[in-house]
Amino acid sequence: QQKVQQSPESLTVSEGAMASLNCTFSDGTSNNFRWYRQHSAKGLEVLVSIFSDGEKEEGRFTAHLNRANLHVSLHIREPQPSDSAVYLCAVSMGTGGLSGKLTFGEGTQVTVIS
Amino acid sequence: NTKITQSPRYLILGRANKSLECEQHLGHNAMYWYKQSAEKPPELMFLYNLKQLIRNETVPSRFIPECPDSSKLLLHISAVDPEDSAVYFCASSLGQAANTGQLYFGEGSKLTVL
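Chains A and B supply the protein sequences, listed in that same order. Numbering-wise (our numbering), the first sequence opens with residue 1 and increments by one. Numbering-wise (our numbering), the second sequence opens with residue 1001 and increments by one.
Errors might be hidden in some of the hints.
As the list claims (entries may be wrong) - From the structure, some residues in chain B lie toward chain A, with a derived Cβ separation under 7 Å:
hint	residue
1	Ala1030
2	Tyr1032
3	Gly1108
4	Thr1112
What the hints assert, rightly or not - 30 Å max Cα-Cα, derived DSBU-like pairs, lysine-lysine:
hint	chain 1	residue 1	chain 2	residue 2
5	B	Lys1072	A	Lys42
6	A	Lys42	A	Lys3
7	A	Lys3	B	Lys1051
8	B	Lys1110	A	Lys3
9	A	Lys56	B	Lys1003
10	A	Lys42	B	Lys1051
Don't read these hints as lab results, they were simulated from the structure. Note that the structure is predicted; figures quoted are calculated from it, not measured. Just so it is clear, CB atoms sit at the ideal spot from N, CA and C, and this is done for glycine as well.
With these hints in hand, go ahead and build the complete structure from the sequences.
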């Protein structure tokens, strides 16, 4: 059964500094990797999806995938206080309709201070 | 994401029967129900692709999904239990090809069981 672990559990960064989050997964056949953001008591906002090794940038958010190391990371460039939220890593092994069967990590609470 | 609408948004129940509704206006073929308990990441409950139930995760039998057409998803709950208190998210994806882009989530229906 897929296990997804995130680190750190919480992260405090200064406004404008780079924030880096890590995610490891257990099943090497995984092929869909997504990062979501969830503000308190709100829905999930997709930030970036990545399907092959390397880097994928969406605005200030960059994901790096290394499937051999079972690792995907998220880097937030120039974080702002409004970026304070829980960041969730989600991994899937499916294709087509099964690509939405996501296993989530426990999340990283990010706090951006001015 | 206003293109996936869920109702009701908030629900307080004793041991009663109720249905949650979801509708997506994205033309997606795959729809999902996820459950997010307090301080936990979302977990997949049910997955429909082209109106067919593809994956029925291990959830109590009092939860019964229904997909009357490819844009609508229902979750019928009978005799709710306090452990059912959670936010129930509807999600959808294109679901026609491998790595088909994003999985979008609705705003969630928050169920509180007294």
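Each hint, compared with the structure:
Satisfaction of the interface hint for alanine 1030 of chain B is found here, the shortest Cβ-Cβ separation to chain A being roughly 4 Å, below the 7 Å cut-off. With a least beta-carbon distance of about 5 Å to chain A, the hint placing tyrosine 1032 of chain B at the interface is held under the 7 Å criterion. With a least beta-carbon distance of about 5 Å to chain A, the hint placing glycine 1108 of chain B at the interface is held under the 7 Å criterion. A distance limit of 7 Å between C-beta atoms decides the matter here; for threonine 1112 of chain B the minimum to chain A is near 13 Å, and the interface restraint is violated.
For a cut-off of 30 Å, the pair hint linking lysine 1072 of chain B to lysine 42 of chain A stands: about 22 Å separates their Cα positions. A C-alpha spacing of about 25 Å is found between lysine 42 of chain A and lysine 3 of chain A, which places the hinted pair at or below 30 Å, so the restraint holds. Annotation: proposed proximity of lysine 3 of chain A to lysine 1051 of chain B holds, straight-line Cα distance about 29 Å (limit 30 Å). In summary, the hint linking lysine 1110 of chain B to lysine 3 of chain A is supported, as the alpha carbons are separated by about 26 Å, within the 30 Å threshold.
Under the criterion of a C-alpha separation no larger than 30 Å, the hint pairing lysine 56 of chain A with lysine 1003 of chain B is consistent with the structure, at around 25 Å. Of the pairs offered as hints, the one joining lysine 42 of chain A and lysine 1051 of chain B holds, with about 27 Å between alpha carbons and a cut-off of 30 Å not exceeded.
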